[in-house]
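Protein sequence lines, in the order shown, are assigned to chains A and B. Numbered by our numbering, the letters in the first sequence go through residues 1 to 230 in order. Numbered by our numbering, the letters in the second sequence go through residues 1 to 246 in order.
Hints in this document: simulated from the structure, not taken from any laboratory. Keep in mind it's a predicted model, so treat the numbers as computed, not measured. In this text, a Cβ means the ideal position worked out from N, Cα and C, and glycines have one as well. Accuracy of the hints is not assured; some may be wrong.
To be verified - Some, not all, of what chain A presents toward chain B, calculated at C-beta under 8 Å:
id, residue
1, Ala-124
2, Leu-128
3, Ser-129
4, Asp-131
5, Thr-132
6, Arg-134
7, Thr-135
8, Leu-136
9, Gln-142
10, Glu-150
11, Gly-154
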Amino acid sequence: MTDAGMFTSIWQFLSSRGGELTGIVGLSLSVSTTAVVIGALLGVPLGAILGLRKFPGRKFLMRLTYTLMSLPPVLAGLLVYLLFARSGPMGFLDILFTPSVMVIAQVLLVTPIITGLAAAAIAAKEKLSMDTARTLGASERQAAWVVIKEARTGILAGVMTGFGRAFGEVGAVMLVGGNVRYQTRVLTTSIVLETRQGNFEFAIVLGLILLTLSFIVSSVVVHVDDSKLG
Amino acid sequence: MHKTLFELEDVIKKYDKVPVLHVKNLKLEENEIYAIMGPNGSGKSTLLKLLNLLDEPSHGKIIFQGVDTGKAGDSVRLRLRRQMCMVFQHTYMFNTSVYNNVSYGLRLRGIKGPELQSRVKEALSFVGMSDFGKRNALKLSGGETQRVALARAVAIRPRILLLDEPTANLDPDSVALIERLVQRIHETIHTTVLIVTHNLFQAKRLADEAIFLYEGNLIEKSPVPQIFTEPQSEVTRRFVSGTMVY
Numbered sequence: 001m002t003d004a005g006m007f008t009s010i011w012q013f014l015s016s017r018g019g020e021l022t023g024i025v026g027l028s029l030s031v032s033t034t035a036v037v038i039g040a041l042l043g044v045p046l047g048a049i050l051g052l053r054k055f056p057g058r059k060f061l062m063r064l065t066y067t068l069m070s071l072p073p074v075l076a077g078l079l080v081y082l083l084f085a086r087s088g089p090m091g092f093l094d095i096l097f098t099p100s101v102m103v104i105a106q107v108l109l110v111t112p113i114i115t116g117l118a119a120a121a122i123a124a125k126e127k128l129s130m131d132t133a134r135t136l137g138a139s140e141r142q143a144a145w146v147v148i149k150e151a152r153t154g155i156l157a158g159v160m161t162g163f164g165r166a167f168g169e170v171g172a173v174m175l176v177g178g179n180v181r182y183q184t185r186v187l188t189t190s191i192v193l194e195t196r197q198g199n200f201e202f203a204i205v206l207g208l209i210l211l212t213l214s215f216i217v218s219s220v221v222v223h224v225d226d227s228k229l230g
Numbered sequence: 001m002h003k004t005l006f007e008l009e010d011v012i013k014k015y016d017k018v019p020v021l022h023v024k025n026l027k028l029e030e031n032e033i034y035a036i037m038g039p040n041g042s043g044k045s046t047l048l049k050l051l052n053l054l055d056e057p058s059h060g061k062i063i064f065q066g067v068d069t070g071k072a073g074d075s076v077r078l079r080l081r082r083q084m085c086m087v088f089q090h091t092y093m094f095n096t097s098v099y100n101n102v103s104y105g106l107r108l109r110g111i112k113g114p115e116l117q118s119r120v121k122e123a124l125s126f127v128g129m130s131d132f133g134k135r136n137a138l139k140l141s142g143g144e145t146q147r148v149a150l151a152r153a154v155a156i157r158p159r160i161l162l163l164d165e166p167t168a169n170l171d172p173d174s175v176a177l178i179e180r181l182v183q184r185i186h187e188t189i190h191t192t193v194l195i196v197t198h199n200l201f202q203a204k205r206l207a208d209e210a211i212f213l214y215e216g217n218l219i220e221k222s223p224v225p226q227i228f229t230e231p232q233s234e235v236t237r238r239f240v241s242g243t244m245v246y
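Full structure from sequences and hints, please.
Take a look at the structure:
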């Protein structure tokens with residue numbers, strides 16, 4: 001296929017399936033963003049506890065967190081599938097093959113990442129920033145809050161890494177979502193489908209859309225972090 | 001006759017069961033400048049952290065203004081700690097503006113509005129950095145950073161200022177400037193100053209009394225001219241004469 005031919009066919013694809021594509025992009029963003037927000041709400045406090053407190057079993061929990069950071073998406077998907085399958089313990093909820101269960105699978109993937117990176121960022125800032133806050137008159141709680149604020153760039157890096165993991169993963173959402181057209185199809189599962197059907201140009205276009213969106217989200221977050229100074 | 005601020009009775013500090021500091025008896029009086037001297041690892045910084053109530057002794061009593069700090073609850077310890085301020089050797093600046101760094105301690109004490117602004121302005125002017133308020137605190141030079149650290153302390157007008165090698169790694173001009181500021185803080189706010197230093201000349205220039213620590217033990221506490229001219233122990237003599245090899 002010539003370059004002109006390729007662009008023509010991509011244009012035809014985008015015009016003919018623009019509505020569907022908008023839905024896919026919207027679902028990808030909403031599923032991953034929801035999963036990352038929930039993951040951050042769980043992971044940042046957990047990371048703060050691991051980074052700030054010294055308690056028995058802390059090292060074991062750190063090792064466990066680091067292990068779960070490399071949890072294979074397909075295994076996370078399988079666990080969530082078994083949990084929410086009709087015969088599973090949570091089967092009565094009947095949410096398999098819906099965006100809700102895709103969010104749950106992604107929360108399982110991103111929470112350890114956010115926890116581990118937040119804990120590392122907070123631990124790195126803990127010693128000096130905590131003592132500085134305390135010597136200036138902060139209570140233990142106020143000093144802990146200062147440490148978390150000081151570690152915000154590292155915490156944000158963890159959240160963005162989590163977002164990247166959620167937005168770009170295919171195994172878990174494919175297993176629990178089923179890649180159902182107009183219902184649970186997201187950018188990554190669409191790429192798999194188009195590749196299997198031999199529509200490589202469209203698969204690449206979808207990949208570029210995924211990367212562009214990821215770049216925009218990262219840029220917004222970095223801008224917000226930078227503008228906090230003052 | 002100066003009032004006693006601190007009394008330490010048989011204070012031992014251990015890290016991982018290893019003793020790093022043992023002070024049998026020490027009294028510190030208000031409105032004095034104390035130099036804490038000793039080789040690396042002699043327990044100087046540990047002593048400052050114990051006095052600032054940032055750490056707790058493994059054994060013994062630290063009495064501050066008549067209160068046994070070991071028996072005091074969190075709120076009492078916080079109230080006591082808020083009368084002091086420590087400047088660390090490796091100063092940590094919060095990742096925000098110089099103004100926010102200097103105002104932090106005041107905000108913790110509930111000071112806000114015009115009073116907050118005027119106290120920050122006054123503290124920055126005190127250290128000669130009136131125009132630095134909007135600057136990013138992480139982009140300052142070493143000397144400027146130490147001056148902002150002193151401004152943070154000046155702003156809260158502490159009764160006791162604890163300085164942990166505040167001029168280490170600074171050029172001679174910055175050292176002279178920091179020393180002048182410390183003296184001005186002592187004179188204008190009547191702050192009791194404890195300064196950890198390796199610089200014997202600095203101790204001579206600034207301090208009324210010197211405390212010498214060696215291998216975690218308090219060896220000697222004497223007035224400054226005397227500790228250099230008539231040291232009471234052999235290790236002190238070797239240290240002040242510059243013949244100690246460590």
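Satisfaction of the A:Asp-131 interface hint, Cβ to chain B closer than 8 Å:
This interface hint holds because 6 Å falls under the 8 Å limit.
Does A:Glu-150 pass the interface check with chain B, least Cβ-Cβ distance below 8 Å?
holds, 6 Å
Under 8 Å is the threshold here; is the Cβ of A:Gln-142 close enough to any Cβ of chain B for the hint to stand?
It holds, given that the least Cβ distance between A:Gln-142 and chain B is near 7 Å, below 8 Å.
Min Cβ distance, A:Thr-132 to chain B: is it shorter than 8 Å?
Cβ of A:Thr-132 sits 4 Å from chain B, so the hint holds.
Does the closest beta carbon of chain B sit nearer than 8 Å to the beta carbon of A:Ser-129?
Since chain B brings a Cβ to about 5 Å from A:Ser-129, closer than 8 Å, the hint holds.
So, A:Arg-134 near chain B? Judge it on the closest CB pair being under 8 Å.
holds, 6 Å
A:Gly-154 as an interface hint toward chain B, with CB separation required under 8 Å:
violated, 11 Å
Does the interface hint hold: is A:Thr-135 within less than 8 Å of chain B, judged Cβ to Cβ?
A:Thr-135 check passes; min Cβ-Cβ to chain B is 4 Å, inside 8 Å.
Satisfaction of the A:Leu-136 interface hint, Cβ to chain B closer than 8 Å
Nearest chain B Cβ about 4 Å off; hint holds.
Proposed interface contact between A:Ala-124 and chain B, which counts if any beta carbon pair is under 8 Å
violated, 12 Å
Would you settle whether the hint for A:Leu-128 is holds or violated, based on the nearest Cβ-Cβ distance to chain B being less than 8 Å?
Hint on A:Leu-128: holds, closest Cβ of chain B at ~4 Å, below 8 Å.
The earlier numbered hints that this structure contradicts are 1, 11.
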